[in-house]
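Chemist: Spelled out, the chains give:
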Amino acid sequence: MTHSTGSVSACLPIHSDLDLVRVRQHVRQMTAQLGFGLVEQTKLVTAASELARNALVHGGGGQMECTAVTSGGVKGLRLVFSDEGPGIGDLDQALTDGYTSGEGLGMGLGGARRLVHDFSVDTRRGSGTTVTVTSWISRPPGPREAP
Amino acid sequence: MPEQQTAEEQTNPTEEVGTFLRGRREQIAQRWADAALFRTVFTVSREEAVEAGRAVVEALAAVAAAGRLEDAEADGFAVVREQLARTAHSRARSGATLAQISAEMDALRPPVNDLLLDELSAAPAEHVRKCTTALAVLMGTLRLVMMETAMSAGQELINRQRLEMLEIATPVIKLWEGIVAVPLIGTLDSARSQVVMETLLDAVVEQHARIAILDITGVPTVDSLVAQHLMKTVAAARLMGAECIVSGIRPAIAQTIVHLGIDLSSVLTRASLADALAYALQQQGAHIVPAPAGEPQ
Ligand SMILES: Nc1ncnc2c1ncn2[C@@H]1O[C@H](COP(=O)(O)OP(=O)(O)O)[C@@H](O)[C@H]1O
Ligand SMILES: [Mg+2]
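Sequence lines, in order, name chains A and B. If you read the first sequence in full-length UniProt numbering, its first letter stands for residue 1, the second for the next number, and so on. If you read the second sequence in full-length UniProt numbering, its first letter stands for residue 1, the second for the next number, and so on.
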């Protein structure tokens, strides 16, 4: 994927419930500043909430990096959630709606993927998880893969 | 007893306060050890509180000797700044508000003032006034130093309260015979969700409610955890014989819930609290009749 990285970048820790609140507020602020519509704001904030909580609950804590990006003149926000936790052994299973290894609804990972434009997971059993998501104002640049 | 008991008119009050503080350090520290600020922080032993008090008196004496009564940045404070910070942190952690900490700082002055008056019993009234004023100014500056550190200590706590609005009670409003409503505001984390559920179930029992309305207009984000909490609350209310309605789901949140893939079909929802109330009244067999035209509103 080719898009230029914007200059605005922030790194927020994810080690407590309070940090989750901060993550949501930061993403809401950033999307509002960039001019996202209310629905797109809410979607990205909700995805961030899911992924940050996963990093906290399943990954034992981590961080979120937030960067404003542009591609073909379209502005977007990229969020990278990373943790050094146990990693995800079976990603397909983890993405399956309703699958949870804990006591959640098992809708977080798959739900987050549906709430954003670009979604990728980099994980290996035993070496942490990094989830990168990007949403664009209006529509994503270039052709989109069918879901 | 200090040698210069009968201070001549010319003695500099600031210097005199400095000398007084140094000379009476032990007595002041002993009295402070019983003051709320020191007593509540240094709980292990009284000697620890006295020691902390000595350090603060020493610092004040140094600041006065340097003639910098009003300077919160004076070097003399440097040695106790960390101790004051720990004290402030400790008070903030145990729930003291800034106003309380400020009041506890104020309470440190009277015992010192008494000792000063005692020491100056033979001095001319005008000189006594100048000295007590100097002491008041110095203690005011100490309070400022303390409050600065307390502010940063309290900031985390304040942030937390502001962010989560944790302390906002979860009021249960009786809307009608058998109908209660709980307006939810702020973050619904696990701890708070538990409180909400218990409050609601208590109200259902106490008020013999048949219908409970959970209004989430003030909840900024509904993710899968919040949705799970809502569903659990609804299920629990149902077990107690009450029907639960979730109202105030804003359009952006409704769309997001759908994309997230969460199925709220087991939950009765209404767009607004008013819609929920209208539905509830109908269920209770009440009829809403518009007032006849011309009737005063
Ligand atoms: N950051 C992570 N580290 C390790 N495991 C994860 C992580 N994120 C998700 N998972 C795994 O994927 C499963 C599904 O995640 P999710 O859809 O968010 O559901 P839930 O969090 O409700 O369990 C989790 O139960 C967990 O086993
Ligand atoms: Mg999850």
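Wrong hints could be hidden among the right ones.
[Stated by the list, open to error] Pairs of lysine to any residue, SDA-like flavour, derived with a Cα cap of 20 Å:
#1 B/Lys232 x B/Ala274
#2 B/Lys174 x B/Ala65
#3 B/Lys232 x B/Ser265
#4 B/Lys174 x B/Met240
#5 A/Lys75 x A/Gly104
#6 A/Lys75 x A/Asp118
#7 B/Lys174 x B/Val128
#8 B/Lys232 x B/Leu281
#9 B/Lys174 x B/Arg270
#10 B/Lys232 x A/Leu95
#11 B/Lys232 x A/Tyr99
#12 B/Lys130 x B/Pro111
#13 A/Lys75 x A/His26
#14 B/Lys232 x A/Lys75
#15 B/Lys232 x B/Ser266
#16 B/Lys232 x B/Ala191
#17 B/Lys130 x A/Gly104
#18 B/Lys174 x B/Asp189
#19 B/Lys232 x A/Asp118
#20 B/Lys232 x A/Leu105
#21 B/Lys232 x A/Gln29
#22 B/Lys174 x B/Ala191
#23 B/Lys130 x B/Met147
#24 B/Lys232 x A/His26
#25 B/Lys232 x A/Gln93
#26 B/Lys174 x B/Arg109
#27 B/Lys174 x B/Lys130
Derived from the structure by calculation, the hints contain no laboratory data.
Chemist: List, from low to high, the hint numbers that the structure doesn't satisfy.
Modeler: Hints 1, 2, 5, 7, 8, 10, 14, 17, 18, 19, 21, 22, 23, 24, 25, 26, 27 not satisfied by this model.
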